[in-house]
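Participant: If you want the building blocks of each chain, they are given just below.
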Amino acid sequence: MTPAAIGSIIFMAVILIGGLAFCFSRIGKGGGEWED
Amino acid sequence: MEEVVREKFLKRRHLIFAAIGSAIGLGNVWRFPYMCYQYGGAAFLVAYIIGLFVIGIPWLLTEFGMGHYFQKGAPGVFRKIGKKWEWVGWFPSVSAFIIDTYYCVIMAWTLIYMFSSMTLAWGAGAAGAQQAGDYFFKTVLRLSDSPGTLGGLNWPIVGALAFTWIVIYLVIYRGAEIVGKVSQVVMTLSWILILAILIRSLTLPGAVDGLNYYLDIDWSVLKGPDVWFAAFSQIAFSLSVGMAGMYAYGRFIAKKSDITNNTVITSLCDTSFAFLAGFAVFSTVGYIMQAMGVSLQDVTIAGIGLAFVTYPVGISLMPALNQLTGVLFFLMFWLIGLSSAYYLAYAGYIVPLVDKFGWNRKKVAFWGCLIGFLIGLLYCTQGGLYWLDIVDRTVAFYTLLIGGAIASLVVGWVFGARKLREHVNATSDIKVGPWMDILIKIVVPVGLVFVVIYGGFMQDLKKPYGGYGGWSNFIWIILLVVLIASFVLQRMKSKKEEE
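Sequences listed follow chains A and B, in order. Position 5 (the first sequence) corresponds to 5 in my numbering; numbering is contiguous. My numbering runs 36 ahead of the 1-based position in the second sequence.
Just chain A, with the same shape it has in the complex:
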């Protein structure tokens, strides 16, 4: 795999996994529960 492709994967992984991890970590901290 080319360095460009690897770089693209890392970029998207940081944004998507990081973003989703942040959002799911905030669930239940004052803004409504997962099960509400």
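It is possible that part of the hints are untrue.
As the list claims (entries may be wrong) - Here are the simulated SDA-like pairs of lysine to any residue, each with C-alpha atoms no more than 25 Å apart in a straight line:
hint, chain 1, residue 1, chain 2, residue 2
1, B, Lys44, B, Asn461
2, B, Lys259, A, Ala5
3, B, Lys529, B, Ala327
4, B, Lys119, B, Ser530
5, B, Lys467, A, Leu16
6, B, Lys47, B, Lys259
7, B, Lys47, A, Gly19
8, B, Lys398, B, Val524
9, B, Lys217, A, Leu20
10, B, Lys291, A, Phe22
11, B, Lys467, A, Ala21
12, B, Lys292, A, Phe24
13, B, Lys467, A, Ala5
Derived from the structure by calculation, the hints contain no laboratory data.
Chain B: place on chain A using the hints.
Facilitator: For chain B alone, coordinates are given in the frame of chain A:
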């Protein structure tokens, strides 16, 4: 009417699954990967992420937030802002109905392919790869030579279409509670299937070559308008905004649910699915290139051709598990289509009709599905593919973008972006600042107008769309019909007024 006012998703996760299900659609598989390859790989991804945060998320937040604030579907929201603005809510609602009429036909093709995959009806091995195109266009569609030649109905497609509409009716007729529960199952299954297909595709020889094409970098494209047009348009089509339904889903959110967090989760999950789908698509394309000794230019990598010609070619050539891969791929395709189709039906036009006229939900759902099926018969004819393309250009491009821009302007300037922000912040853990006002009032409408002018009017006024000659003018006729229908619906008396 009372029954609908109290309607809610039973759990927060049902809303999340329903919203993700509505956002993830066929375009995630057949448009995003192609756009990424075509517009500079990582450069497109950068433009897409920027567009997601400055246009997609603010737009989705607006629709969720307004639906939640007024507890209404799209027309009800704009009627509450001002009686003269109600048409702004009907405009995407009518579009949602029209989109659903042909979207379900594509799902019907998918269903046919799911069964065809069991026997590799287009052929196995190299012979099957050669025949895949003919199988789709000549055997399944029996495609005529122009939109003017409708020919007869393709009965297998009619049967599959009827089945699809029956399933949609069964999902929606009991309201948001069942929609939420079904969405949880459908979306979980879709993610499992895309991961299974991804693993299968990545293990094919030549897969890495395909991925190198998918994710190559060309930073120079960021200087031109094309990549921004591609990214913004993909975001607009992908998030299922501008189709009225997110207002209704916003209204079904529990009072204390976190609107901002729900919005960001929906947007990122939609992008994740599209990004992963790109791996499945380009791994398979890489395999086809190696197996057939052809270049990427010889392979269709976008749109209907990707799903119904290229992927079947890949299935024919696979060294093992051909039938199973085909069935799983088309089942996944049907499921992601289903979650968008019942979203369009229920949240897009059934909730607004029940809201306004106080009609019985089950009856509206029945007649909505039946009329949708009957109109869909046009696309089951031999000239149906041409009409599908023309109608799609109108309602999934022009009305979606124009309607979205007008809605943003009305919410931002008439209702007040600040008021919306304060309401959203009152329910949310993640607070948005005054910068969101600027995005809603200026950036979203300007971005959408840029897409509609650059990718729409500047192309279609220069040269008839799709090479259909005079038939392309139906784009403007349908656009006018949607606009007139929106004003007619605004003028019709609601149940409350009649009383």
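Participant: Take the hints in turn and mark each one as holding or not.
Facilitator: Each hint tested on the structure:
1. Pair hint Lys44(B) plus Asn461(B) holds up; C-alpha atoms about 21 Å apart against a cutoff of 25 Å.
2. Restraint check: the Cα-Cα separation between Lys259(B) and Ala5(A) comes to about 21 Å, which is no more than 25 Å; the hinted pair holds.
3. Proximity of Lys529(B) to Ala327(B) is assessed by CA-CA distance (about 63 Å); at most 25 Å being required, the pair is judged violated.
4. The hinted pair formed by Lys119(B) and Ser530(B) meets the criterion: a straight-line CA distance of about 12 Å does not exceed 25 Å.
5. Pair hint Lys467(B) plus Leu16(A) holds up; C-alpha atoms about 20 Å apart against a cutoff of 25 Å.
6. With a C-alpha separation of about 45 Å, the suggested pairing of Lys47(B) with Lys259(B) is violated against the 25 Å cut-off.
7. Pair hint Lys47(B) plus Gly19(A) holds up; C-alpha atoms about 22 Å apart against a cutoff of 25 Å.
8. For the suggested pair Lys398(B) and Val524(B), the alpha carbons sit about 24 Å apart, so the restraint of at most 25 Å is met.
9. For a cut-off of 25 Å, the pair hint linking Lys217(B) to Leu20(A) stands: about 22 Å separates their Cα positions.
10. Proposed proximity of Lys291(B) and Phe22(A) is supported: the alpha carbons are some 22 Å apart, at most 25 Å.
11. Pair hint Lys467(B) plus Ala21(A) holds up; C-alpha atoms about 17 Å apart against a cutoff of 25 Å.
12. Using a Cα cut-off of 25 Å, the hinted pair Lys292(B) and Phe24(A) holds, with the two alpha carbons roughly 16 Å apart.
13. Note on Lys467(B) and Ala5(A): the hinted pairing is violated, with a Cα-Cα distance of about 35 Å set against a maximum of 25 Å.
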